[in-house]
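Visitor: Here is how the chains run, residue by residue.
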Amino acid sequence: MKRKHRRLAFVVVGMVLLGAAAALVLSAFEENLVFFYSPSDLAAKEIPEGRRFRVGGLVEEGSVKRLADGLTVEFVVTDLVEAVPVSYRGPLPDLFREGQGVIAEGVLTAGGVFRADGVLAKHDENYMPPEVAEALKKSGKWKGAQ
Amino acid sequence: MSAFWCIVRRDLRLALRRGGDSVNVMVFFVIAITLFPFGVGPESNILARIAPGVIWVAALLAAMLSLDRLFRDDYDDGSLELLTLAPLALEFTVLAKCLAHWLTTGLLLAAASPLLALMMNMDADGFAALLAAMLLGTPVLSLVGAIGAALTVSLRRGGVLISLLVLPLFIPVLIFGVGAVAAAVYGLAARPHLMVLGAMLLAALPLCPWAAAAALRLSVE
Amino acid sequence: MSAFWCIVRRDLRLALRRGGDSVNVMVFFVIAITLFPFGVGPESNILARIAPGVIWVAALLAAMLSLDRLFRDDYDDGSLELLTLAPLALEFTVLAKCLAHWLTTGLLLAAASPLLALMMNMDADGFAALLAAMLLGTPVLSLVGAIGAALTVSLRRGGVLISLLVLPLFIPVLIFGVGAVAAAVYGLAARPHLMVLGAMLLAALPLCPWAAAAALRLSVE
Amino acid sequence: MNDAPGNGLAAEGLACVRGGRTLFTGLDFAVPAGGALVLAGPNGSGKTSLLRIIAGLLEAAAGRLVWDGVGFDDDAEGYRARIAFVGHLDAVKPGLTVAENLAFWAGLYGGGRDVAAALESLGIGHLAGVPARFLSAGQRRRLALARIAALPAPLWLLDEPTVTLDEQSVRAVEALIAGHRAAGGAVVVATHAGIALPGAPTLRLGDAP
Amino acid sequence: MNDAPGNGLAAEGLACVRGGRTLFTGLDFAVPAGGALVLAGPNGSGKTSLLRIIAGLLEAAAGRLVWDGVGFDDDAEGYRARIAFVGHLDAVKPGLTVAENLAFWAGLYGGGRDVAAALESLGIGHLAGVPARFLSAGQRRRLALARIAALPAPLWLLDEPTVTLDEQSVRAVEALIAGHRAAGGAVVVATHAGIALPGAPTLRLGDAP
Amino acid sequence: MTTMHRFANPARFMRYSARILPWSGWSAAILIAVGLVWAVFFAPPDYQQGDSVRIMFVHVPSAWMALFVYTAMASASAVGLIWKHPLAHLAARSCAPIGACFTFVALATGSLWGKPMWGAWWVWDARLTSVLILFFLYLGYMALADAFDEPARGAKAAAILALVGFVNVPIIKFSVEWWNTLHQPSSIVKLGGPAIHVSMLVPLVIMALGFTAYFVTVLILRVRAEIVAAKLRVLQIAEVDRRAPAPADGAVSAD
Ligand code: HEM
Ligand SMILES: Nc1ncnc2c1ncn2[C@@H]1O[C@H](COP(=O)(O)OP(=O)(O)OP(=O)(O)O)[C@@H](O)[C@H]1O
Ligand SMILES: Nc1ncnc2c1ncn2[C@@H]1O[C@H](COP(=O)(O)OP(=O)(O)OP(=O)(O)O)[C@@H](O)[C@H]1O
Ligand SMILES: [Mg+2]
Ligand SMILES: [Mg+2]
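Residue numbers (the working numbering), protein chains in the order written: chain A, 164 to 309; chain B, 6 to 226; chain C, 6 to 226; chain D, 26 to 234; chain E, 26 to 234; chain F, 81 to 335.
Do not rely on the hints blindly, as some may be mistaken.
To be verified - Taking lysine-lysine and the BS3-like style, the derived pairs with C-alpha atoms no more than 30 Å apart in a straight line are:
{"#": "1", "chain 1": "F", "residue 1": "195", "chain 2": "A", "residue 2": "300"}
{"#": "2", "chain 1": "F", "residue 1": "164", "chain 2": "A", "residue 2": "301"}
{"#": "3", "chain 1": "A", "residue 1": "208", "chain 2": "A", "residue 2": "228"}
Think of the hints as simulated: they come from the structure by calculation, not from any bench.
Based on the provided sequences and hints, a complete structural model is requested.
Guide: See the structure below:
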């Protein structure tokens with residue numbers, strides 16, 4: 164009997180510890196534990212100059228400009244609330260287009276321009292044939308970007 | 006519970022008697038870190054950039070190396086099977102051994118880490134976070150590592166196998182440990198990372214001794 | 006010399022029989038390297054920059070870990086004292102064991118290194134130099150490590166102590182190994198570095214077995 | 026022999042399979058309080074395996090153990106805590122002194138009996154302060170045997186206790202066992218020869234394959 | 026006994042100091058070809074230490090060893106190669122089969138004698154193909170003893186060879202030693218009891234401190 | 081008694097599995113063949129990704145299977161540890177190499193797909209990283225199970241590892257929601273129904289079913305092989321015993 168009670172006490176203590184652990188993790192996730200920052204995060208946080216990080220969002224419609232050297236590209240990354248201008252020199256992934264998800268890696272310069280030295284395309288979870296996409300857009304049921 | 010402290014005391018005394026042992030872990034830690042300037046080149050900004058990662062990886066490897074001995078000596082000389090017969094529940098025996106292990110390794114690694122960060126040119130803003138993260142993270146390494154040590158104790162070739170088993174489980178500690186330091190260096194909040202490390206510790210405290218004890222029972226069979 | 010091959014054959018057979026053993030060394034190598042992206046962050050240009058250093062440091066650590074077992078099994082079960090009595094000079098016994106050790110660890114590490122370099126984003130120009138440097142450097146690690154293994158074999162806590170003894174001796178291999186790769190990546194000649202590595206190997210071949218044999222005689226006393 | 030279920034150790038239908046080979050099946054025996062049992066049999070017949078099964082270190086392929094009327098599986102922890110086991114290995118820490126080695130085990134069992142007296146009873150009292158790494162094979166074995174003298178366990182399981190012991194020490198172990206039995210303890214000893222347990226039945230295990 | 030310097034093993038004035046304590050001094054003995062010597066004495070008296078000195082594994086504090094007229098220090102390698110030593114440890118690789126274990130040592134000594142016959146002589150011929158990890162304590166000990174039967178060494182040094190052996194195996198070891206002596210070999214055995222070496226003198230080492 | 085229980089079950093398993101085997105084998109072959117042909121020749125290209133989307137039909141099912149097989153392995157391990165069912169241990173052991181293969185295929189096809197889509201073979205985001213850890217866990221499981229001399233002990237030790245490592249599975253599953261990852265969030269199990277058009281969803285499901293049938297087939301084959309190997313071991317040992325010298329005196333044991 165006594166041993167049984169002791170065992171029960173241990174199980175309870177263990178459960179309490181696990182519960183505390185879960186509570187800690189949950190409250191930690193309210194703050195940011197992210198792979199990349201959104202433009203809103205950048206606006207809210209003081210990110211020091213010269214620090215390398217990643218910024219992710221959608222390429223703003225109509226913002227993509229190719230400079231004369233044919234290699235440098237400038238565009239704006241937006242999360243539809245805030246926006247960050249990005250300049251990048253190098254090859255772009257095939258899926259890079261206006262209105263698509265993108266993650267740029269680099270540093271924020273003094274002028275507020277994000278100078279990227281790597282760009283990854285981030286696509287969303289929608290898959291469909293081109294005709295369907297067209298039809299959706301025509302019928303105005305298009306929910307994704309663009 | 007006096008049996009618990011009996012084991013802690015014995016393990017601490019053995020560690021002290023053996024003298025160099027925890028010193029050796031420390032020295033491995035220091036040497037592994039000093040290999041990097043040789044390997045990567047002495048450019049201080051690159052070193053500073055990779056410092057938190059290198060320090061944590063070295064701590065992981067040092068902890069892992071010392072783990073092989075956590076139960077092995079007791080297994081080899083037959084003490085372990087007697088410990089499984091003792092009136093103290095094996096889970097607490099494991100906990101006691103982990104505590105002694107942490108006091109003689111993890112604690113020292115944590116204490117030494119700011120110094121090594123200095124050597125690696127790390128930004129001084131990160132020192133406090135590094136120390137805090139190490140203090141929270143190294144006990145997790147001892148506890149999680151105990152599972153791997155218990156699983157491999159009856160195998161002659163445990164030493165390398167243990168790394169295969171526990172290093173993957175160490176990776177979350179590494180990620181959040183480095184995250185805390187990096188955040189502090191860049192002037193962001195280290196707290197969420199430290200909280201996750203704390204949560205890991207709380208979860209490891211009941212779970213790991215339980216799993217390790219099960220593994221030990223199997224090993225002495 | 007048939008006694009020499011007798012030992013090589015036995016050690017190879019034991020390594021194969023134990024199955025996973027050399028696989029485990031490989032996996033440690035791979036895991037230790039993959040820890041770095043976690044620790045340093047996933048930026049590919051930083052990773053590429055530190056890749057040769059990280060790969061070499063991981064190879065050093067992997068070789069070191071596997072060294073602990075070079076003589077320990079034989080010591081623990083009493084074979085080692087019988088080997089010192091055997092008609093084959095102990096120096097050749099050591100050489101035979103080093104050869105078997107290299108065939109089951111260093112050779113595999115060398116073979117795997119280009120793949121890991123790829124994972125770490127290293128410039129493809131360095132691959133050939135990396136492979137050549139590994140092929141020349143890893144036997145040196147086995148030979149030099151044998152001295153440390155022999156010195157620590159009679160101590161229970163060899164595992165960590167050995168790192169303290171041999172890692173400093175490994176540093177020259179690290180420097181020239183990384184040097185060869187870095188030179189190739191930057192389009193310079195890797196040959197001078199490789200020649201130094203070759204010279205080390207030639208020097209280690211007579212010296213290390215001799216020192217290790219002396220240490221072993223002392224250990225079995 | 027008193028083999029009422031409420032008294033001492035009883036085994037029913039024990040079987041042991043090691044490495045796919047059946048060592049023994051249908052083994053029944055009883056060791057009353059104050060009694061002793063000698064396990065005999067050629068090398069590889071399963072003496073060690075049987076002792077480890079009784080100690081709860083190895084799982085029996087079949088059968089059950091009863092101790093003072095309580096089945097092993099019903100209270101494994103309580104059962105284990107009342108066993109003192111000396112196997113082929115000595116469980117001696119080379120880094121601790123002889124007395125420290127013994128005091129640890131006594132402390133683990135909540136104080137145990139008198140450490141110095143236990144050492145004395147095996148004739149190694151004068152070595153109390155010597156680090157155990159300096160002991161010879163037989164001295165180390167005696168230290169391992171002193172452990173059972175220091176623990177308050179009613180059931181002793183001894184695997185070839187007299188290995189490497191000299192004449193005088195063997196007599197000391199015999200005296201120790203006699204005293205333990207006189208105090209109501211039970212003993213199971215695996216041995217090839219050389220130890221006299223008055224009135225103890227012998228269980229011969231089958232010949233090795 | 027024939028102790029002419031040109032024949033067999035002779036020791037002059039051997040002394041041994043371990044851990045600062047002198048175990049014995051001024052020890053003289055001789056073992057002629059075909060002869061045997063039994064080392065006796067209580068635990069810790071230095072039997073193992075003496076055997077290891079004879080084997081060249083431990084350095085004597087004083088004195089010298091002569092073998093067939095040649096001093097140990099004059100030809101240490103040649104001396105060592107003619108010794109077969111069985112210590113407290115068995116030198117058995119759990120990963121190899123019984124036959125492979127033995128074949129390795131035979132190969133190391135340039136072929137040695139017949140492996141199968143050596144196993145048979147200790148009654149473990151039927152285990153030849155079994156991985157050594159499955160052996161019991163006594164079976165493993167027999168494999169260790171089979172090694173001396175397979176090596177072409179004239180001097181056997183055996184440290185408590187019969188530990189964990191059953192009756193039948195002890196008889197087998199005795200027969201083995203008799204055969205070796207008949208063929209002109211010499212044997213030194215440290216033992217507490219249990220092994221009969223006809224006509225062998227006993228060297229009693231002093232009582233342990 | 082226990083011996084009975086130990087051998088009765090495998091015998092029954094051998095009988096039943098022999099009946100299932102042709103069904104699962106053929107359905108795996110047919111489903112995968114149909115799925116592949118459909119995926120390569122008849123499924124439409126994606127409006128964004130074009131033809132590279134066809135990698136999905138291998139990547140997604142193998143990624144699912146990587147998780148599913150680990151879950152199956154951990155469940156079997158739990159059954160083996162709790163109810164001491166020897167067959168459960170055998171099943172868990174047999175799962176590991178299959179799961180490792182699926183994980184490897186998911187990693188490889190993911191990398192192949194990542195280059196055209198993301199612009200990188202490999203990034204260290206939470207999804208990819210946790211899958212890599214899964215791969216290491218599979219390898220560790222296999223190494224541990226093989227490291228023991230007695231298969232039964234190896235299975236138990238590895239079972240503990242499998243259960244400890246199970247924490248990783250929910251992390252893989254939810255990593256794309258907990259963290260901002262480069263890897264896309266879930267397309268199929270999501271609020272508001274699958275975000276994959278039926279013309280792609282049908283071949284995807286066919287492939288997934290085919291992979292599952294393949295898993296069942298290989299699992300049965302491996303468990304059967306393990307049972308046969310265990311029997312062979314017993315026979316070998318019996319053969320050694322048979323050649324042993326006759327016992328000197330009567331044995332206690334009698335079957
Ligand atoms: C090495 C790289 C990759 C790894 C390790 C990986 C891993 C995984 C895993 C484990 C799943 C299953 C998740 C679940 O069951 O919820 C999954 C699903 C998926 N992955 Fe990947 N992936 C990789 C690359 C990619 C790439 C490059 C793409 C496309 C551009 C992609 C598209 C998908 C899709 C569409 C799913 C199905 C989502 C669903 O379940 O609804 N993956 N991946
Ligand atoms: N490594 C060592 N360092 C110091 N002293 C030692 C060492 N090994 C043994 N001794 C001491 O030397 C003495 C003799 O030991 P040895 O092993 O030769 O005795 P033995 O006669 O073989 O005894 P046993 O019958 O118990 O095997 C012992 O008193 C022991 O304490
Ligand atoms: N780990 C193991 N795996 C498989 N078989 C084993 C294992 N350990 C022992 N055995 C086998 O079990 C049998 C009994 O071994 P055990 O050690 O119980 O014998 P024993 O009677 O104590 O013999 P000894 O007198 O030699 O000590 C032996 O035949 C041995 O080969
Ligand atoms: Mg035994
Ligand atoms: Mg001795």
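Visitor: If a hint holds in the structure, say so; if it doesn't, say that too.
Guide: Checked hints:
For the hint pairing residue 195 of chain F with residue 300 of chain A, the CA-to-CA distance comes to about 28 Å; that is within 30 Å, so the pair holds. Pair hint residue 164 of chain F plus residue 301 of chain A does not hold up; C-alpha atoms about 62 Å apart against a cutoff of 30 Å. For a cut-off of 30 Å, the pair hint linking residue 208 of chain A to residue 228 of chain A stands: about 28 Å separates their Cα positions.
Against the hints set out earlier in the document, a violation occurs for number 2 only.
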